[in-house]
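4 protein chains.
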Amino acid sequence: MSNVAEARSPAWSWLGFRLVETGDGTAVVDMTTTENMANHSGFVHGGIISALADSAMGRSLRTLKPGVSRAMSFDLKLSFISAAKIGEELRAAGKVVHAGRRTVVTECRIEGKDGRLIATASGTFAVTREKE
Amino acid sequence: MSNVAEARSPAWSWLGFRLVETGDGTAVVDMTTTENMANHSGFVHGGIISALADSAMGRSLRTLKPGVSRAMSFDLKLSFISAAKIGEELRAAGKVVHAGRRTVVTECRIEGKDGRLIATASGTFAVTREKE
Amino acid sequence: MSNVAEARSPAWSWLGFRLVETGDGTAVVDMTTTENMANHSGFVHGGIISALADSAMGRSLRTLKPGVSRAMSFDLKLSFISAAKIGEELRAAGKVVHAGRRTVVTECRIEGKDGRLIATASGTFAVTREKE
Amino acid sequence: MSNVAEARSPAWSWLGFRLVETGDGTAVVDMTTTENMANHSGFVHGGIISALADSAMGRSLRTLKPGVSRAMSFDLKLSFISAAKIGEELRAAGKVVHAGRRTVVTECRIEGKDGRLIATASGTFAVTREKE
Numbered sequence: 001m002s003n004v005a006e007a008r009s010p011a012w013s014w015l016g017f018r019l020v021e022t023g024d025g026t027a028v029v030d031m032t033t034t035e036n037m038a039n040h041s042g043f044v045h046g047g048i049i050s051a052l053a054d055s056a057m058g059r060s061l062r063t064l065k066p067g068v069s070r071a072m073s074f075d076l077k078l079s080f081i082s083a084a085k086i087g088e089e090l091r092a093a094g095k096v097v098h099a100g101r102r103t104v105v106t107e108c109r110i111e112g113k114d115g116r117l118i119a120t121a122s123g124t125f126a127v128t129r130e131k132e
Numbered sequence: 001m002s003n004v005a006e007a008r009s010p011a012w013s014w015l016g017f018r019l020v021e022t023g024d025g026t027a028v029v030d031m032t033t034t035e036n037m038a039n040h041s042g043f044v045h046g047g048i049i050s051a052l053a054d055s056a057m058g059r060s061l062r063t064l065k066p067g068v069s070r071a072m073s074f075d076l077k078l079s080f081i082s083a084a085k086i087g088e089e090l091r092a093a094g095k096v097v098h099a100g101r102r103t104v105v106t107e108c109r110i111e112g113k114d115g116r117l118i119a120t121a122s123g124t125f126a127v128t129r130e131k132e
Numbered sequence: 001m002s003n004v005a006e007a008r009s010p011a012w013s014w015l016g017f018r019l020v021e022t023g024d025g026t027a028v029v030d031m032t033t034t035e036n037m038a039n040h041s042g043f044v045h046g047g048i049i050s051a052l053a054d055s056a057m058g059r060s061l062r063t064l065k066p067g068v069s070r071a072m073s074f075d076l077k078l079s080f081i082s083a084a085k086i087g088e089e090l091r092a093a094g095k096v097v098h099a100g101r102r103t104v105v106t107e108c109r110i111e112g113k114d115g116r117l118i119a120t121a122s123g124t125f126a127v128t129r130e131k132e
Numbered sequence: 001m002s003n004v005a006e007a008r009s010p011a012w013s014w015l016g017f018r019l020v021e022t023g024d025g026t027a028v029v030d031m032t033t034t035e036n037m038a039n040h041s042g043f044v045h046g047g048i049i050s051a052l053a054d055s056a057m058g059r060s061l062r063t064l065k066p067g068v069s070r071a072m073s074f075d076l077k078l079s080f081i082s083a084a085k086i087g088e089e090l091r092a093a094g095k096v097v098h099a100g101r102r103t104v105v106t107e108c109r110i111e112g113k114d115g116r117l118i119a120t121a122s123g124t125f126a127v128t129r130e131k132e
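Chains as they are written, first to last, in this note's numbering: chain X, 1 to 132; chain Y, 1 to 132; chain C, 1 to 132; chain Z, 1 to 132.
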């Protein structure tokens, strides 16, 4: 899929986010957590999980038609459910729940490789959409 | 202040978070954003802002008496207000709003060097507190 | 189903909430909005939508095994998507996303009779669970 | 103050919300909780607290200059801190944290008559502002 090969932002590269697939209003993003991301308890810092969720949700709305030319998240809500281990591979599935003309509401689910739920998230984005 | 010299977690070092000061139920954390943190629009990735907020709030509750021996955020809510520029120094002021026996509620305000509001956040932490 | 006939709290009666069905970790609650619930714009007040979401989520966790003897929501997040009209019947579907020993994470979707999405919500509850 | 005498919406009347005062970007709203509002545990239903917070925040932005001609909350986040007793008088202090051209971010603090913190909230509103 061509999306997979697209240019990544500096943050995506630095954080190691990888686009796995996209659909209509959906995007799946993977990452492998590293030692750098450990908090005081030795688990993955919550902010890294937040970054992954924000990215998967932001990517999911780029699949909308008519297209989104600009998007800025202005609201992000996370529920952390289980701690993510360093070295663990995480998968975030973002999806559009509502696509308006000026705002888009999204949700995300982050799971570990073993399928356990790490976090859920929702986010609202202010968008500019292309003319049809 | 001895807190300032304390050991930082790997994530704090990697993200460049610096503890500036702590008070009773408060903590101020600074960071200088880098090129690595840029999103597609060229501004600081929202996840990095989230990480900073989470860290300042998590640090603020470590100042409580009786002390907090374990803390895990299980809820994080952010409102992004203005975009942060790459290279900009950000300051997060976290504070405890409510300190219970099992849960602590915190808030945070993130500002740019010029004093404009970048984001507000709130977070809830499950904690284990030391005996008095 | 016996649950449907169970005693309602004063708030449920006053707000007109009706339990439609329950499953494993799920609950569906209906309401018919009334003139009393109109905000300045003539639509249903957001707080009423919040009350419905909170109720459906709180009810969904009562279906867990081992049972929940006490539950108190301490976190509620809503995204309002389309305005609800006065007189419109609303349906809230609450479900448990994660059931821990001390905390339960839930989600909810509120729809109008015509199937359009009115709001999404998530909530975290502090619970006391019965012994197995 | 003329604001105090202004027409209330049906929901405000029904829920017993009373505007106490307004300032630049602030509004204080009181309510006396009633038996109707009791949840299963005999405390005030979280949805009623949500309605009060939503109202105080929505009212606070009506004080902005240039004025707000239309406002719709599309995001509401609450942290419930202590249970409110039936019959207890609650006071919600809403304030504008950021006033943009299209969106306004607000916060709220709800206290009991005895000054203890009942809940904190934040909300984002889509607004239409008058020309200056």
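Incorrect hints may have been included.
No copy labels: a pair is met if it fits in one copy or bridges any two.
Stated by the list, open to error - Using 30 Å as the maximum straight-line C-alpha spacing, the simulated DSBU-like pairs for lysine-lysine come out as follows:
1) Lys113 / Lys85
2) Lys65 / Lys85
3) Lys65 / Lys131
4) Lys95 / Lys113
Hints in this document: simulated from the structure, not taken from any laboratory.
Could you tell me which of the numbered hints above are not met by this structure, giving the numbers in increasing order? Result: no hint breaks.
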